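Enquirer: Chain B: place on chain A using the hints.
One letter stands for each residue in the lines below.
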Amino acid sequence: MTARSSRFNPYWLLVAPAVLLVLALYVAPIVNVLLLSVTDPKPGFDNYAKIFQSDTVAGLLWRTVRLCLITTVAAVTLGYIVSYAMLHALSHVRRRMMSILLISFWISVLVRSFAWLMLLGHNGLVNDALLGLGLISEPLPLMRNELGVLIGMTEYMVPYAILPLLANMQGIDPRVSSASRSLGASHAQTFFRVFLPLTRPGIIAASLLVFISSLGFYVTPAILGGGKVQMIAEYISVQLLVTVRWGVAAMLATLMIASVLALMYVLNRFMKLSVVFGGATR
Amino acid sequence: MNAGPAGIGVVFSNVTKQYGKMTAVDGVSLDIRAGEFLTLLGPSGSGKTTLLMMLAGFQDISMGDILVGGASIAATPPEKRNFGMVFQGYALFPHMTVRKNIAYPLEIRHRPRAEIDARVDEMLEMVQLKGLADRHPHQLSGGQQQRVALARALSFSPRVLLLDEPLGALDRKLRAEVQDQLKDIHNRVGTTFIYVTHDQEEALTMSDRIVIMNRGRVVQVGSPIELYEKPRTVFAANFLGKSNFIRHEGRIFALRPEKIQVFAAGKGQGQNRLCGTVRSITYMGATLKLMVEVENHPTIEVHVPAWHSAEAFSESQAVELCWSNDAQVEVEGGDGDEAGARSA
Chain A
1 MTARSSRFNP
11 YWLLVAPAVL
21 LVLALYVAPI
31 VNVLLLSVTD
41 PKPGFDNYAK
51 IFQSDTVAGL
61 LWRTVRLCLI
71 TTVAAVTLGY
81 IVSYAMLHAL
91 SHVRRRMMSI
101 LLISFWISVL
111 VRSFAWLMLL
121 GHNGLVNDAL
131 LGLGLISEPL
141 PLMRNELGVL
151 IGMTEYMVPY
161 AILPLLANMQ
171 GIDPRVSSAS
181 RSLGASHAQT
191 FFRVFLPLTR
201 PGIIAASLLV
211 FISSLGFYVT
221 PAILGGGKVQ
231 MIAEYISVQL
241 LVTVRWGVAA
251 MLATLMIASV
261 LALMYVLNRF
271 MKLSVVFGGA
281 TR
Chain B
283 MNAGPAGIGV
293 VFSNVTKQYG
303 KMTAVDGVSL
313 DIRAGEFLTL
323 LGPSGSGKTT
333 LLMMLAGFQD
343 ISMGDILVGG
353 ASIAATPPEK
363 RNFGMVFQGY
373 ALFPHMTVRK
383 NIAYPLEIRH
393 RPRAEIDARV
403 DEMLEMVQLK
413 GLADRHPHQL
423 SGGQQQRVAL
433 ARALSFSPRV
443 LLLDEPLGAL
453 DRKLRAEVQD
463 QLKDIHNRVG
473 TTFIYVTHDQ
483 EEALTMSDRI
493 VIMNRGRVVQ
503 VGSPIELYEK
513 PRTVFAANFL
523 GKSNFIRHEG
533 RIFALRPEKI
543 QVFAAGKGQG
553 QNRLCGTVRS
563 ITYMGATLKL
573 MVEVENHPTI
583 EVHVPAWHSA
593 EAFSESQAVE
603 LCWSNDAQVE
613 VEGGDGDEAG
623 ARSA
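Order-wise, the sequence lines are chains A and B. When the letters of the first sequence are read in order and numbered with my numbering, they come out as residues 1 to 282. When the letters of the second sequence are read in order and numbered with my numbering, they come out as residues 283 to 626.
Hints were generated in silico from the structure; no laboratory data involved. Some hints here could point you the wrong way.
Stated by the list, open to error - Below, computed lysine to any residue pairings styled on SDA-like, alpha-carbon distance capped at 20 Å: (1) LYS362/B - ARG200/A; (2) LYS382/B - ILE107/A; (3) LYS382/B - LEU196/A; (4) LYS382/B - HIS392/B; (5) LYS382/B - ASN32/A; (6) LYS362/B - PHE192/A; (7) LYS362/B - LEU263/A; (8) LYS465/B - GLY291/B; (9) LYS382/B - LEU198/A; (10) LYS382/B - PHE195/A; (11) LYS362/B - ARG193/A; (12) LYS362/B - ILE172/A; (13) LYS382/B - ILE172/A; (14) LYS382/B - SER178/A; (15) LYS382/B - GLN189/A; (16) LYS362/B - LEU198/A; (17) LYS382/B - ASP173/A; (18) LYS571/B - ILE582/B; (19) LYS382/B - SER177/A; (20) LYS382/B - ASN123/A; (21) LYS382/B - ARG175/A.
Computed from a predicted model, the values in this text were never measured in an experiment.
Chain B on its own, in the form it takes in the complex:
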């Protein structure tokens, strides 16, 4: 397939957005590489959508600048930025057929008819909707509408594709399927994908790099592995995956539930040990979730493989929790997010 021009890099330079006295985005600097799949991950109100809307041109920048391919786009109206965008809820044109929807950006650009037809067919094939070209959006399922939105946003070969929570309306199983398709399409077209979500699983499975945001600021940037294995703050450790926080001599260590081994009391072995009592056991299919109460410490969550261990534990059993030094990561508190972290 024709990949069109490859992706282009985007640089956020100290970008700030203020609504009156409220600061939605606070001095964000980011260097997005050409062709990468970058996810902006954060809870609602973290500024991720505002950041995307400023990039798309639907929100003004209060301070700072956004550079695309080295040139500022702060003064460029949205229609001149040449970014594809997939909206939350898809925002398909309800009065146009699937074919018309996908052809729209090409017709606006006055491309010749034959080229438009060929390109639309190519896009329909890419999103596997060939048989549905003459339907109207309301005749399609959510997953199909999502694919039309994607085809429409990519039909004019934009160098950057912006996606605003595009899977939010889909059910779980379909979402996993679409995630694979999105990743596959990203690999084929080579466009820079900038993806906004609050769903850590989506972020982990699709992204080349993830930007964790909180309260209008960037908390940490890195590959999914870096962020999961080496979170720098309590917030990052807690937002991407689950984590226990062990306090020791004024330092905080993040400890993932699956990196803890559980032994019967007195039989533990490992560099770090804690004695406790099993408070609850939840069968999760692949894993067992144990909530273990430890003296002078918040309850610790432990995940152990469920297979062959379902009968090994019982409630109020005395156990010893063990983990190696490399299982724990020292993190910074701050931001007052520790309180939330502890109770999680």
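Next up, chain A with everything else stripped away, as it sits in the complex:
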């Protein structure tokens, strides 16, 4: 065995094409981006210094983080409610809810953003309805601002929050909640003292997943923000295509990749990644 393991194993040739493809089309460009961030326009860390020197870049990063955090809290809260309802629904109702959830994954983010445009505009369904009911006297500014972007992002991210939460909740023995009730705890006490603590891994996993995914939002802020709410992805695109400052774009891209990898590492510590994407907790 020892002699064999030191020799070249010909079976590696079978996966060689795939490995080469990944190296050439994925790893090489990423390394190139990394290099660009410290070489363009001139070698050095000037691009990274902009994080602290340029108000535009700092503001952009702060806005991105802030919007992503709010989206995370909103999406995970809503996702928790839906997961909890799914967990306690009758099986045929749960199946139907699951299909609706999966269908929502297939609708492109572009289509959804335009749909929100129809709903949230000055003459959109929401404002018309509120005006018609006499609840407001003039249309609310629901889009072309951060609120619009948040509504669009949250709606898109809720299904991503539901999957890890539901997987976590389904791994909890329902008798544990019954035990708590039999010991004298009300519904609410059981929820806060037993159920909620047991879903902590699911909440952490869902939060990280939603936060990481939110960082890359491009279409939603562009459409619902009306150009006024720029997030990191849109900014990178502008640097690349309009102002042609590839160094800054590369620096921001590198920053994003690094934060995502760091968060993935944390996520993996709380919950195996395979579990996040379906399956039970144990």
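Expert: Chain B in isolation, oriented as in the chain A frame:
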């Protein structure tokens, strides 16, 4: 030890549970005495667990009523019933230590800290888990988890303790040990224990009274001795212990395998005799199990003490089976359970 309030009586009055068109529990009336150890025994689907869940408050009652200490609890939510409950699989809180688990019902009731600590220590001592108070459930063996579940269910001194197949996950030897402990704890705390199981041995060894259930109905209620010695139906005779069924002039008699004597052909003596041929011999340690073929009759199972008789029998030997009149009990058939009884 502080026994807390003594047990309380529970009355099931014509209790029925229907799921759609399926009747899981069919008009059960039962009078459970204060402080007794009562076992609901039956095969799966006999309605015993449903009955327990209705008592615990996790299932609604379709018809009838349940009275505890004379008052109906049909409309009382589970948390207000003040019953301890040990679940199948224990259902310990995985995120809490043993100490926290046992303290939980007391904390919910806002008892003072000092009282909680003292009571938890007392319970830990009762179930012999003093050294493991700061462990989490997943760090304990099955038997230890079972004892934590018991301590948790008893820590708030409930007047009724419900146990749903609590020994199901334990291995045989451990189960026998825990049975003794359970019985001992029952004697000490004086709480009414209502125990659900499909295991006839558990039922026989621990209970003051056993309720045999089948198809949502009560088949027979009585002490272990009454039920074993005087079963009223084929089902009862067959579910609690083993039994042969002798048919005679349209009547059915239950006959326990150990109440039959075996003689060499022609040498039999006794009030009832049957001639047959030994088909198989199984050595069981304490006893020998003989399967004896008798003409015009299902095979009869006989248990004889193994000591000094292992060599006395051989296969295809002609034998005479004898028993006295008081060894057999007349039972009712019905329910279509005879078919199962005959083949058993």
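Enquirer: Next, verify each hint and record whether it holds.
Expert: Outcome of the hint check:
Only pairs whose Cα atoms come within 20 Å are accepted, and LYS362/B paired with ARG200/A is rejected, the gap being roughly 28 Å. For the hint pairing LYS382/B with ILE107/A, the CA-to-CA distance comes to about 47 Å; that exceeds 20 Å, so the pair is violated. Note on LYS382/B and LEU196/A: the hinted pairing holds, with a Cα-Cα distance of about 16 Å set against a maximum of 20 Å. At roughly 14 Å between alpha-carbon atoms, LYS382/B and HIS392/B fall within 20 Å of each other, so this suggested pair holds.
For the proposed pair LYS382/B and ASN32/A, the alpha carbon gap of about 55 Å is over 20 Å, so the pair is violated. Taking the CA atoms of LYS362/B and PHE192/A, the gap is about 18 Å. The hint holds against a cut of 20 Å. Between LYS362/B and LEU263/A, the direct Cα distance comes to roughly 45 Å. Violation of the 20 Å bound is thereby established for this hinted pair. Between LYS465/B and GLY291/B, the direct Cα distance comes to roughly 19 Å. Compliance with the 20 Å bound is thereby established for this hinted pair.
Restraint check: the Cα-Cα separation between LYS382/B and LEU198/A comes to about 15 Å, which is no more than 20 Å; the hinted pair holds. Proposed proximity of LYS382/B and PHE195/A is supported: the alpha carbons are some 15 Å apart, at most 20 Å. A distance of roughly 18 Å separates the Cα atoms of LYS362/B and ARG193/A; the hinted pair therefore holds under the 20 Å criterion. A threshold of 20 Å between alpha carbons decides the hint, and for LYS362/B with ILE172/A the separation of about 24 Å lies outside it, so the pair is violated.
A threshold of 20 Å between alpha carbons decides the hint, and for LYS382/B with ILE172/A the separation of about 19 Å falls inside it, so the pair holds. About 17 Å separates the Cα atoms of LYS382/B and SER178/A, which keeps this hinted pair within 20 Å; it holds. Taking the CA atoms of LYS382/B and GLN189/A, the gap is near 15 Å; set against the 20 Å cutoff, the hint holds. Taking the CA atoms of LYS362/B and LEU198/A, the gap is near 24 Å; set against the 20 Å cutoff, the hint is violated.
Taking the CA atoms of LYS382/B and ASP173/A, the gap is about 18 Å. The hint holds against a cut of 20 Å. About 10 Å separates the Cα atoms of LYS571/B and ILE582/B, which keeps this hinted pair within 20 Å; it holds. This hinted pair checks out: LYS382/B and SER177/A have alpha carbons roughly 16 Å apart, not beyond 20 Å. Annotation: proposed proximity of LYS382/B to ASN123/A is violated, straight-line Cα distance about 57 Å (limit 20 Å).
Under the criterion of a C-alpha separation no larger than 20 Å, the hint pairing LYS382/B with ARG175/A is consistent with the structure, at around 18 Å.
Checked against the numbered hints above, the structure breaks hints 1, 2, 5, 7, 12, 16 and 20 and satisfies the rest.
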